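Participant: Chains as they are written, first to last, in this note's numbering: chain A, 1 to 343; chain B, 1 to 343; chain C, 1 to 343.
Hint data in this document are derived by calculation from the structure and do not stem from the laboratory.
Mixed in with the good hints, there may be bad ones.
All copies of an identical chain are treated as equivalent in the list; a pair is satisfied when it fits inside any one copy or across any two copies.
In the SDA-like style, the derived pairs of lysine to any residue whose C-alpha atoms are separated by at most 20 Å in a straight line are [said to hold, decoys possible]:
no.	residue 1	residue 2
1	K88	G102
2	K338	R317
3	K324	D312
4	K88	L280
5	K88	A189
6	K318	E303
Just so we're clear, the structure is a prediction, and the values are computed from it rather than from any experiment.
Spelled out, the chains give:
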Amino acid sequence: MNVQANHSLAELAERFDLRCHGDADTRITGVGTLAGAGAHQLSFLSNSKYAAQLADTHAGAVIVREENLAACSVPALVARDPYVAYAKIAALFEHIPTAPAGIHPSAVVAPSARVSASASIGPCCVIESDAVIEDGAVLGPHCIIGEGCVVGAQSRLVARVTLVIRVTLGKRVLVHPGVVIGSDGFGLAFDTDHWIKLPQLGGVRIGDDCEIGANTTIDRGALDDTVLEEDVRLDNQIQIAHNVHVGAHTAMAGCAAVAGSAKIGRYCMIGGNAGVLGHLEVADRVTITAKSLVTHSIREAGEYSSGTPLQDNRAWRKSAARFKHLDEYARRLSALEKDSNDE
Amino acid sequence: MNVQANHSLAELAERFDLRCHGDADTRITGVGTLAGAGAHQLSFLSNSKYAAQLADTHAGAVIVREENLAACSVPALVARDPYVAYAKIAALFEHIPTAPAGIHPSAVVAPSARVSASASIGPCCVIESDAVIEDGAVLGPHCIIGEGCVVGAQSRLVARVTLVIRVTLGKRVLVHPGVVIGSDGFGLAFDTDHWIKLPQLGGVRIGDDCEIGANTTIDRGALDDTVLEEDVRLDNQIQIAHNVHVGAHTAMAGCAAVAGSAKIGRYCMIGGNAGVLGHLEVADRVTITAKSLVTHSIREAGEYSSGTPLQDNRAWRKSAARFKHLDEYARRLSALEKDSNDE
Amino acid sequence: MNVQANHSLAELAERFDLRCHGDADTRITGVGTLAGAGAHQLSFLSNSKYAAQLADTHAGAVIVREENLAACSVPALVARDPYVAYAKIAALFEHIPTAPAGIHPSAVVAPSARVSASASIGPCCVIESDAVIEDGAVLGPHCIIGEGCVVGAQSRLVARVTLVIRVTLGKRVLVHPGVVIGSDGFGLAFDTDHWIKLPQLGGVRIGDDCEIGANTTIDRGALDDTVLEEDVRLDNQIQIAHNVHVGAHTAMAGCAAVAGSAKIGRYCMIGGNAGVLGHLEVADRVTITAKSLVTHSIREAGEYSSGTPLQDNRAWRKSAARFKHLDEYARRLSALEKDSNDE
Chain A
1 MNVQANHSLA ELAERFDLRC HGDADTRITG VGTLAGAGAH QLSFLSNSKY AAQLADTHAG
61 AVIVREENLA ACSVPALVAR DPYVAYAKIA ALFEHIPTAP AGIHPSAVVA PSARVSASAS
121 IGPCCVIESD AVIEDGAVLG PHCIIGEGCV VGAQSRLVAR VTLVIRVTLG KRVLVHPGVV
181 IGSDGFGLAF DTDHWIKLPQ LGGVRIGDDC EIGANTTIDR GALDDTVLEE DVRLDNQIQI
241 AHNVHVGAHT AMAGCAAVAG SAKIGRYCMI GGNAGVLGHL EVADRVTITA KSLVTHSIRE
301 AGEYSSGTPL QDNRAWRKSA ARFKHLDEYA RRLSALEKDS NDE
Chain B
1 MNVQANHSLA ELAERFDLRC HGDADTRITG VGTLAGAGAH QLSFLSNSKY AAQLADTHAG
61 AVIVREENLA ACSVPALVAR DPYVAYAKIA ALFEHIPTAP AGIHPSAVVA PSARVSASAS
121 IGPCCVIESD AVIEDGAVLG PHCIIGEGCV VGAQSRLVAR VTLVIRVTLG KRVLVHPGVV
181 IGSDGFGLAF DTDHWIKLPQ LGGVRIGDDC EIGANTTIDR GALDDTVLEE DVRLDNQIQI
241 AHNVHVGAHT AMAGCAAVAG SAKIGRYCMI GGNAGVLGHL EVADRVTITA KSLVTHSIRE
301 AGEYSSGTPL QDNRAWRKSA ARFKHLDEYA RRLSALEKDS NDE
Chain C
1 MNVQANHSLA ELAERFDLRC HGDADTRITG VGTLAGAGAH QLSFLSNSKY AAQLADTHAG
61 AVIVREENLA ACSVPALVAR DPYVAYAKIA ALFEHIPTAP AGIHPSAVVA PSARVSASAS
121 IGPCCVIESD AVIEDGAVLG PHCIIGEGCV VGAQSRLVAR VTLVIRVTLG KRVLVHPGVV
181 IGSDGFGLAF DTDHWIKLPQ LGGVRIGDDC EIGANTTIDR GALDDTVLEE DVRLDNQIQI
241 AHNVHVGAHT AMAGCAAVAG SAKIGRYCMI GGNAGVLGHL EVADRVTITA KSLVTHSIRE
301 AGEYSSGTPL QDNRAWRKSA ARFKHLDEYA RRLSALEKDS NDE
């Protein structure tokens with residue numbers, strides 16, 4: 001928490017264009033859950049299912065929809081979307097360690113690199129030739145910015161981020177530790193009895209306002225670039241292969257993977273550990289549920305799934321054994337129907 | 001191997017409370033498999049299925065159960081659980097590179113950080129403000145300990161471990177390279193046409209005696225903390241999302257993933273690449289087999305699975321095609337039964 | 001692109017033993033796709049399905065099979081396998097940042113380590129006691145080479161690679177950022193009510209010409225070594241557990257995982273996010289499709305799969321619900337058949 005932040009409910013209402021209900025002088029110094037928040041903390045109710053918790057909360061104030069205001073025993077901010085309002089307000093109370101402008105003495109910066117005077121370069125960073133770090137960018141400890149890579153203005157590489165080569169990050173991109181962007185795409189040609197590597201001559205372009213989770217990997221393209229449009233949100237340990245194109249505002253949950261040259265639309269939601277095979281196209285506003293595998297292009301918005309439901313292991317073994325014979329069962333069923341009709 | 005270690009069978013028997021059978025003066029300088037161990041190496045037989053190998057082993061001695069002693073052609077240590085006894089004894093023969101107390105000159109340590117005089121801080125480590133490194137803790141090369149994080153006594157961060165912020169490790173925690181703990185949870189609110197990030201204001205608490213495998217990621221909580229109780233064992237490349245709670249003594253195999261706010265019980269075994277959806281509860285002593293997806297809360301101990309069995313691709317294609325029509329087949333089956341009963 | 005490279009078509013034909021068709025003096029300074037290549041770029045047609053693009057290409061020249069030569073409107077190189085020929089030629093145009101021989105002043109090298117004078121050791125590398133870096137090896141920034149590890153001649157560790165202990169890389173091995181090789185295998189014995197760790201006393205041996213993708217993890221063996229034979233190609237975020245043995249020329253796509261002591265044959269292809277359970281054997285020339293789980297040993301070459309096809313979520317829910325009752329359906333089907341036969 002940012003221990004300095006302290007706002008009255010009235011100030012928050014004005015700043016975020018919300019209606020204040022109850023004591024507008026209530027001081028807010030932090031945020032918390034309905035169950036855990038104290039007298040100077042702000043909470044929120046997004047899902048009406050939990051409206052009963054409003055009666056018991058000890059929060060100093062609560063962000064609610066108009067419809068839940070009656071049930072609210074404490075001062076409130078009324079919002080059309082309490083979750084969005086909460087997200088914006090909570091940011092005031094986040095403590096982000098300071099990152100002073102300038103280059104830490106332990107960093108290794110190539111003479112030809114261009115580092116803005118307002119950028120912050122942390123301990124042990126390595127910035128190679130012709131790299132560009134724009135205004136206000138923050139590189140935490142141990143970042144490696146390869147030859148010619150660009151980190152856009154106000155972007156933040158938390159720590160230990162590697163941009164290999166031909167990588168361009170837009171503005172306000174947030175990259176978490178362990179991320180590798182611009183490593184070789186996995187391109188191989190089979191020559192009689194061994195593999196020949198295909199040089200990966202493309203790059204990676206990451207749009208403004210993207211977020212890339214810890215230990216995620218994004219390979220650079222074989223000839224053209226791998227592309228994430230703006231506001232793409234990737235969770236941890238996601239794998240984006242070479243020449244993938246991800247449309248704006250698409251979000252992927254942890255451990256999702258997209259194979260080479262797949263094209264994912266805008267406003268898609270890819271579930272945890274879901275996969276998309278190579279060279280497919282996925283339309284805008286498609287949701288893929290967790291652990292599903294996309295094996296063909298998807299032309300229409302909607303929700304798609306594969307897999308089987310969880311069962312007790314004994315029951316599952318029976319289902320699984322029968323699965324292997326489904327074709328036979330279907331044929332036998334048809335034969336019976338034919339017999340039945342022939343009678 | 002620790003080339004210095006050299007113990008007589010009698011010494012090992014006494015130290016680990018085992019019964020010695022045969023020449024108690026046998027010198028043991030290492031450990032090995034039944035097939036590979038030499039005259040001064042100790043081996044073990046845990047699974048009676050392999051008892052036949054006892055006759056041919058060239059091991060200097062073998063740890064066996066009472067029931068396998070008769071088949072044993074070499075000196076032996078008799079144990080109730082030979083695998084556990086082996087694990088304890090083998091630790092004597094492990095060579096762990098020395099880690100001298102003190103701070104490597106290339107490390108960057110904030111003035112406000114508190115580093116025990118008995119801790120070892122390796123090359124290029126970065127320890128940020130108000131972090132605490134307790135007695136006997138070992139940080140291998142390239143560890144980053146973020147602001148205010150705590151590394152408990154005797155914990156060992158092998159190399160290249162990142163604790164981002166608000167992370168507390170208990171005592172004797174072992175963390176392997178590439179691990180990221182305390183990165184931002186994946187919290188987003190959708191505001192009309194773009195994403196708003198939810199600040200992640202919680203932390204991570206890791207209990208005593210936990211082990212965290214290479215390149216595993218554990219996010220910090222949104223408001224409350226992400227928690228691993230004591231003796232939790234995580235293999236490589238596991239993803240633990242924000243606000244997950246993992247009960248004591250639970251073990252997870254490689255590439256498992258647990259989504260946000262899920263609560264896993266004690267003594268659970270989560271198989272490789274298995275997944276648990278968010279906000280679910282899994283009871284104590286639940287086993288999830290590899291690659292299964294937990295889609296609902298599990299209230300009873302037991303083994304659970306999802307997925308289909310491996311088949312030859314031609315056969316699998318037929319099964320898979322039929323799977324899509326299962327509902328229709330079930331209806332046709334019911335119709336036939338009705339016809340049959342009506343006759 | 002390597003901006004210096006400039007070759008006539010005749011030179012390329014001679015060097016790679018291809019037949020030149022059309023203007024042999026055509027200058028080639030780069031490579032590109034059929035759709036994107038310009039007047040001095042070389043493209044290729046590997047899949048005859050795209051032969052129609054030959055008519056419209058603006059490429060300076062194209063690599064084609066004999067059978068596609070007639071459709072080709074520009075100068076050409078004729079190859080038996082255009083993709084392989086392209087891979088070899090494209091390498092001429094790849095720009096790899098220079099890595100000067102010698103040790104960067106920020107690197108930390110133990111006195112007992114042996115580093116070839118022709119090797120290049122980048123910024124912030126840590127090379128521990130008794131490690132060996134052979135001739136022409138390149139270690140990019142932030143590599144950690146643990147005690148006694150060996151990096152073979154001409155191998156290239158792009159950046160931020162960790163070799164923990166007892167790891168030997170062959171010649172010309174290419175390792176991408178974030179890779180961890182030689183971390184502890186996941187070996188645990190359950191002692192009444194808590195876990196005991198099994199020391200991991202083996203190592204890892206990686207054969208010549210292997211490639212290891214970003215953030216991949218390869219654990220060292222419990223007693224014997226984990227082994228990759230020569231020319232094994234691993235994509236990103238792959239998990240190789242302790243004592244796995246991977247045969248020569250096997251390739252694995254992103255996020256594949258192999259559990260402990262599994263033995264994979266030669267010339268296998270393991271699809272993205274596929275898994276192999278522990279202690280299994282997979283024969284030579286086996287293909288596993290993406291996201292499949294190998295649950296039993298495979299004795300014969302061929303293609304194998306598991307999983308269910310992607311469906312619209314509503315349809316999938318019906319299939320999935322029915323899957324749980326497959327055993328019952330099969331019994332009811334048999335009963336109906338029996339009734340039918342009895343009539």
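Participant: Please work out whether the CA atoms of K318 and E303 approach to 20 Å or closer within one copy, between two copies, in both situations, or in neither?
Facilitator: Between copies, since 14 Å is at most 20 Å while 29 Å is not.
Participant: As a check of your reading, is K338 near R317 (CA-CA no more than 20 Å) within one copy, between copies, both or neither?
Facilitator: Neither: 31 Å inside a chain and 25 Å across chains, both beyond 20 Å.
Participant: How would you classify K88 and G102 at a CA-CA limit of 20 Å: within, between, both, or neither?
Facilitator: For K88 and G102, neither the intra-copy (29 Å) nor the inter-copy (44 Å) Cα distance is at most 20 Å.
Participant: One pair to classify: K88 and A189, alpha carbons no more than 20 Å apart. Within, between, both, or neither?
Facilitator: Between copies only: 9 Å across chains, 50 Å inside a chain, cut-off 20 Å.
Participant: Check K324 against D312 for me: Cα-Cα at most 20 Å, and say if that holds within a copy, between copies, both or neither.
Facilitator: both (19 Å within a copy, 10 Å between copies)
Participant: Classify it for me, K88 with L280: is the Cα-Cα distance of at most 20 Å met within a copy, between copies, both or neither?
Facilitator: Intra 36 Å, inter 27 Å, cutoff 20 Å: neither.
Checked against the numbered hints given earlier, this structure breaks hints 1, 2 and 4; the rest are met.
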